[in-house]
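**Q** Place chain B on chain A using the hints.
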Amino acid sequence: MELTFPTKPYRTHGGAAVPHHKNTAQAESLVMPVPERVVLPMQQHVGAPCTPLVKKGDQVFVGQKIAESTAFVSAPIHASVSGTVAGMEKVMLPGGQVTDGIVIESDGQMTPWAELHPPKVDTLEEFVDAVRESGLVGLGGAGFPAHVKLRVPPEKNVDTLIVNVAECEPYITADHREALENSEAVLDGVYTIKKLLGLERVIIAVEDNKPDVIKVLREIADNQEMDPKDQVRILPLHARYPQGAEKVLVQACTDRKIPAGKLPADVGCIVMNITSVAFLSRYLKTGMPLVKKRVTIDGSAVKNPANVIVPIGTKIADVIAFLGGYREEPRKILMGGPMMGLAVTSDELPILKQNNGILAFTEKDARLMKPTDCIRCGKCVANCPMLLVPTMLEKYAERQDVEALNDYAVMTCMECGTCAYNCPAGRPLVQSIRLGKSYVKKAGGKK
Amino acid sequence: MDKLIVSSSPHLRSGTSTTKLMLDVIIALVPAAIASIVIFGPRALLIIGVCVVTCVLSEYVCRKVMKRENTIGDLSAVVTGMLLAFNLPVGIHPLMAAFGGIVAIVVVKQMFGGIGQNFVNPALTARIVLMSSFPSPMSTWAQPFYYLQGSADAMTTASPLGILKEGSGAEIPGYLDLFLGNNAGCLGETCSLALILGGIYLVVRKVIHPAVPLTYLAVVAAISAIAGRDVLTELLTGGLMLGAIFMATDYTTTPITLKGRIIFAAGCGILTMLIRMFGSLPEGVSFSIILMNILVPYIEKLSRPKPFGSAAKGKERVKG
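Line by line, the protein sequences give chains A and B. Mind the numbering: the first sequence is residues 857 to 1303 in the working numbering, read in order. Mind the numbering: the second sequence is residues 13 to 332 in the working numbering, read in order.
Hints may be right or wrong, so weigh each one.
Stated by the list, open to error - DSS-like mimics (lysine-lysine), calculated; alpha carbons at most 25 angstroms apart, straight line: (1) K318/B to K1293/A; (2) K79/B to K1226/A; (3) K15/B to K1159/A; (4) K271/B to K1113/A; (5) K1251/A to K271/B; (6) K1297/A to K318/B; (7) K1251/A to K313/B; (8) K1113/A to K318/B; (9) K1251/A to K318/B; (10) K1159/A to K878/A; (11) K1251/A to K79/B; (12) K1118/A to K271/B; (13) K1226/A to K15/B; (14) K1171/A to K15/B; (15) K1226/A to K271/B.
Worth flagging that the hints you see were computed from the coordinates, not collected in a lab. From a predicted model like this one, the values you see are computed outputs, not experimental measurements.
One chain only, chain B, in its complex shape:
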């Protein structure tokens, strides 16, 4: 008989894997990707492609240079690439998008140790870096379906939250247009319907817990109702759906317990509304999630489960 394998129990695994989870997230992002291509034309596909390729390549090169085992097979870089693209305006130069991909993977993810180690969301941090580096292209919004109108240059317009912030009096698209994504904004954030479909898929596949995005959305709704703002417009505009479903539920950068994740989501909701109401920027989803990312260790301390049968402090242990 060959040597038997001796290993520690358990000797059985459920069959889940990081790759399978990431694949589920990619599948959940597909409806929003299709919506972005429909709304913003083939250029959306180009931007998504550039971001995904840059992220995967960056990860590959990074691991190679660091002489570590390659991890592109876990598909997390693909997810980061898609999410980054979803956070960019369609008119952005592909090189800028590629720069964002490099920042997300090299600076935010790999320099902190790779998957599971980054303390802020790579795609969102890259978006913020791009916003500071290229403020104008990052806030130039193309009109939906501009590509069908035969013009070579994208006709630009204001995003609904921009209109709200500036109080210019321009018309905000109706609820149905907001819900279907027929409004200006980043690639993947405008079509709430597609994002919600993806969210339902993730909940069904038990990748995310529904309480997290629902808490985020509920807090935003509650604050805007109290503040006398239009609740549905607040919910359906900006990066809220994308952030609540795909970013505030990121495993690595949110607390590890469900209780902690709900606190996290509530915090995101409060910060989002504070920025929308009092900040100088029209939108606050990215910043609120990043700020909450930084608070994760503290939330985790607050939300640690109480071990089974744990006694009050000071009780001595009885030998079993």
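One chain only, chain A, in its complex shape:
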């Protein structure tokens, strides 16, 4: 079947016109000076936690693998600074689970590991193995190990790579800056993945609130030499939350619907975040694994919002101190954007691989309206991108009615938060739905 390139996005359902707050989009990213110590939790991805390969007192260098797991769905962890392993420390991740973290005291030298070398990637198999070794996880926020995504069985007939530059979360501009500051690497990564996976269509999907990104990427993508058949194109998306959500994005780009419980590969697509693609391009050239990350620091409690490139494992407090500290006492700190980000308990937490933003808010913005009774206005139903009935899911979750929760497809919810954002009664719809999902899982999953 001939693959076509849409000139405008296909219709997707619902969503919300959230404010953009892209305050940091136009400023060059700053580089964080070497922190005194970093903490690298053993779980920075979806899947099995890693086991440490180093012990207290060991000398480590930037890029050295310090923890790994033999499980398929996992990603190894690398030292992000050079220095000495000071020991292990319990870290409470934003999801609430407690994991071990390797503490490295930096020597301030940032000496790269001597054994780093560009990986040999002549075949797809070698490429996917190399991606695993790089420690790459989905950098859009979910943290799904990238090699799992790329290891698609041939019978899936993957024909399309979608590069996700939607960045539909308010405030976050890390991908925006990546596109502008590393546009060559982005396109280089695109061509490499396209070649290795034998793809004939690459759609770089950008929300139309980033005209500068569209312009810059278009200039490079229209490259006769690299792309003689014009198989790499930019698709401007409507800037409507949640355009960047995988299922919504695949539909907007290809008009294919991912069935419930399936992955993009099941409809022939691979979705990769732009920063992931650019990282892979650099990794294949240098062999330097995922040890640093661009993070948007913003929110009403932050004095000088900016994008900062930080070694993974740097304390949130250190990064904010580097930017001049807080403007006002923060009362809520988020890892990720305000729609799907996780509220953390302390700014002592380290920056994780998949973090693209740290937002700190003052008292005024930290408090949400008090919930009142549902008035059945139907806004949650009308705007749900997954065509669910959030208010009913909430009721069934309160009753712990697993059968009804399944009947109303609770597991299809991607927790984008559009329902709760629009709710005039301020109902904690997503929270209830998460509870509902946990009841379904406890009862043995969907029948």
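**A** Here is chain B on its own, set in the frame of chain A:
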């Protein structure tokens, strides 16, 4: 650092609230309120005032007695009061109006759990209770602008639908009079112009979807055209405009999906015309909306959206 607030995402809200929505409905009702005062005199204002005050007081006392958080701040009781008044003839005794307000709030709304929980429209149910309790005052219509004629007692007349029903041969007011509200009827239902203005405001503010009242009106128009009745008269008389714009669009007592709401409105249209043509009452808007209110759970089942990517039944789930 003080303890950080940890809560579930999303951490951002659109800023809308129940109070703001209700305020929009009140604003949308203001033109019809002004029209009613112009057409039926200061007594209209008295009736509106009595209904609003009784509704708000009833809600306050009810919540107090039930030891629940007070909800008069959401302004929904004000809306109920205004709508109830709009459904009463101007000559009604204020105590009867107050009784209606108590029925609407205490019996219909609070006894079922308060805002969002009542399964029928409080104002319409109260109107029906009043019609059964006080049939004569509830069907005594004052002539428009009677208060300007210096008479202490309201001169009474028949409502246009009453004339149609009885076939007495009395003259039905012209279209312009019907449109501007220069005809007998309940307080807030006669002036179609004011009601339509309110409806446009609600559509612009995205409080209601235009498809709902338009479906109701279109079905009424279609049936009356088929039945050989005068379409414009049917549209401009009785409680149709008020019902279609403000009652058939009530969130709580209509289906939660747009598709369901359109089915609901179509059902209202059919029932209204059935009652007007074959019932013993001249008007059927109240009953048709209440009857459809009761069918809401079934319409909702029929109109449930199909979840994104949902498979045909029996397919097993692939672990993601």
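**Q** Against this structure, judge whether each hint is valid.
**A** Here is how each hint holds up against the structure:
1. K318/B to K1293/A: Holds. K318/B to K1293/A sits at ~19 angstroms (cutoff 25 angstroms).
2. K79/B to K1226/A: 18 angstroms, holds
3. K15/B to K1159/A: 20 angstroms, holds
4. K271/B to K1113/A: Since the Cα atoms of K271/B and K1113/A sit roughly 22 angstroms apart, the hinted pair holds (cutoff 25 angstroms).
5. K1251/A to K271/B: 21 angstroms, holds
6. K1297/A to K318/B: 22 angstroms, holds
7. K1251/A to K313/B: 15 angstroms, holds
8. K1113/A to K318/B: 13 angstroms, holds
9. K1251/A to K318/B: Roughly 19 angstroms separates the two Cα atoms, so the pair holds.
10. K1159/A to K878/A: 16 angstroms, holds
11. K1251/A to K79/B: Holds: K1251/A and K79/B sit about 23 angstroms apart, inside 25 angstroms.
12. K1118/A to K271/B: Violated, at about 28 angstroms.
13. K1226/A to K15/B: 19 angstroms, holds
14. K1171/A to K15/B: 17 angstroms, holds
15. K1226/A to K271/B: Distance of about 30 angstroms is beyond 25 angstroms: violated.
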